[in-house]
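Using the sequences and the hints, build the whole thing.
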Amino acid sequence: MNAGFDLALIRERKPLVHQITNYVVMNETANATLALGALPVMAHALQEVEEMASVASALVLNIGTLSDDWVEAMLVAGRAANRADVPVVLDPVGAGATRYRTETSQRLLAELRIAVVRGNSAEIATLAGKQAEIRGVEAVGEAAGPELARESARSLGTVVAITGPVDHVSDGETVHAVANGHELLGTVTGTGCMSTAITGCFLGVRGEDPLAAATEALVAFGVAGEDAAKKAKGPGSFHVALYDALYALDPKKLDSRAR
Amino acid sequence: MNAGFDLALIRERKPLVHQITNYVVMNETANATLALGALPVMAHALQEVEEMASVASALVLNIGTLSDDWVEAMLVAGRAANRADVPVVLDPVGAGATRYRTETSQRLLAELRIAVVRGNSAEIATLAGKQAEIRGVEAVGEAAGPELARESARSLGTVVAITGPVDHVSDGETVHAVANGHELLGTVTGTGCMSTAITGCFLGVRGEDPLAAATEALVAFGVAGEDAAKKAKGPGSFHVALYDALYALDPKKLDSRAR
Amino acid sequence: MNAGFDLALIRERKPLVHQITNYVVMNETANATLALGALPVMAHALQEVEEMASVASALVLNIGTLSDDWVEAMLVAGRAANRADVPVVLDPVGAGATRYRTETSQRLLAELRIAVVRGNSAEIATLAGKQAEIRGVEAVGEAAGPELARESARSLGTVVAITGPVDHVSDGETVHAVANGHELLGTVTGTGCMSTAITGCFLGVRGEDPLAAATEALVAFGVAGEDAAKKAKGPGSFHVALYDALYALDPKKLDSRAR
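Keeping their order, the protein sequence lines are chains G, L and E. Quick note on the numbering used here: the first sequence kicks off at 1066 and runs consecutively. Quick note on the numbering used here: the second sequence kicks off at 1066 and runs consecutively. Quick note on the numbering used here: the third sequence kicks off at 1066 and runs consecutively.
Note that these hints are calculated values from the structure, not bench results. It cannot be assumed that every hint is accurate.
Note that the list lumps identical chains together, so a pair holds whenever it fits in one copy or between two copies.
Result set (EDC-like, lysine to aspartate or glutamate): computed pairs, CA atoms no more than 20 Å apart in a straight line [stated by the list, open to error]:
no., residue 1, residue 2
1, K1296, E1248
2, K1079, E1198
3, K1318, E1212
4, K1079, E1248
5, K1295, E1116
6, K1317, E1137
7, K1317, E1291
8, K1195, D1315
9, K1298, D1315
10, K1317, E1248
11, K1318, E1273
12, K1079, D1274
13, K1195, E1137
14, K1195, E1212
15, K1195, E1168
16, K1079, E1203
17, K1317, D1292
Listed below in structure tokens is the structure:
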């Protein structure tokens, strides 16, 4: 893993990360992308997603607030990205909570070549055909182990990144565990979505190795969370400090802080 | 009133609060819900609102940025909530400002069983058939008294919560006045919407007594506003401190701070 | 230029600024409008934009996240504003990045009477029929000079405000340069959109002189950016401090700080 090296690349190349994401977190994931050093662009119209996705360095698909025209746009953008070899990361927000979300996630996985799926344990377990408990868009119940990451990566045929108290990233063979992060991340909406956007940033410079990109992203985001927590008095000040911390991440020290 | 007791219940049970709300404040009301201790979920697609509303502990309908498919989703979600005895709170943002908002609010009130309507004096007066002055989505003119709360609760057949310098909550008989809050709340967009979301949180544990739930919510939100104001240098830092303050609310001291 | 005088007018009259803008920055531009002292209202439904735009003091059209029904609403709102002599400011976010954005900007300019177009150098150059390099929604390449402002104002028949390290505002004859601002503005998404919303606020009290209104807006926003930077540790804290700074702007000192 070379999280520091790739972070420096992001800041040098400023990869364009096209995001079709939910209304709740658009501002937040755009700002996280920008704070890290990449360039976000939000565009969801059928008339332009093909053009935008083709020139992007990565495409982020996030189903947090679905509707049919957005799903259609995700498919069109995803196909354009696939044709142009632009890596795609999927965030199946709330898969398992409603049939619509589960089926949409499955459809995107079936029709597109997805480099990384980033979700919580309940979302990933649902997509891997296992029992899971989810309330709204939050996983509940016991933590997922490395086995869920490995098995779901195999069954989905993609790199899987499961975030939680300890994150697990797998390509179906290797499993990386990332223990960086802070519990305050769970008190701010959209931090999961931010980690997906950050995964898009790393894919934008390390698309040929999605296992590395996803792992590095979770290290970078987790370390930023740890830094932000030191200055936080609660969810509001933590949220603010998180952007400052992403911006201040030091490429030279990043790998030594991976846990 | 047992605001402290019910706040402790919210943190223990983490009620799922399904919100169909406007684009402007989605992130903000989700974060306020989470900071208080409940679980927000945003979903507006016709394909899933019925499923989501049925399993929620409360449903929040907010018409701040309307369009026809969202209104349709609110009706479908509201009917599902009514069937499942999930309490519904309505925020008629901008009723009186355009015919579309007035008529949509009236339609939601006519077709659904609404537990609480939370609005400013102009919005509530409009719905109660009285003259009101509204500019955009802000009430102007003199403060509403307890009589407007009582009369509108009677005519609308629901609990009414009118927020302003002093809030008034009524079920048509009793009127509770809540003087908590701070003028900086008026400098941040969506604080009214947040108070509606917080009302949804309290309804999620005290749905059988909407008068108590709405009053407790306004006490909790107002006290958080007072705490946040102490650390604020303006609207930006106040906004941030508001989430910290909601998170730090002490159930044991809450009732003694009600004014 | 009387930026201070007009800022005092804004706070006294609280002009209603109707904004049809993108999902990413709605909360941010509403809060910037409110922090400055004006009254924002967000409404995009065909059923109500005519009514809302007619009673507003200014209309802001921002194409940051387009789709066809929003374009239609912008046209209807714009015509209503034109009929009622409500000044209109256009933010052609991403013109040049996709055909859809370029053509939509051109259509709005052709069918509506626009008082001010506020964009970055690539967006404005695109609309003026010149070569420009844009990645996503960010201009890249060398800074635009005053000539681009003057020429594009002539060819578009409107006041043009080009923001960058130095802003240039022109009506086709006069060119005003504004050097206020701070590089941290480039690290937060939507600060360009905020400057457009602030332009709407100044148009709301100085609509008869769009060259002055646009220049004053960029001075006010730039000075607020400078003040915010003093308290910032990165993009997150800068973003928060920006609202505090807009709120704290002193009308008596504003003109002396123009650079």
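Hint compliance check: list the failing hint numbers for this structure, sorted ascending. Violated hints: 3, 5, 6, 8, 10, 11, 13; rest satisfied.
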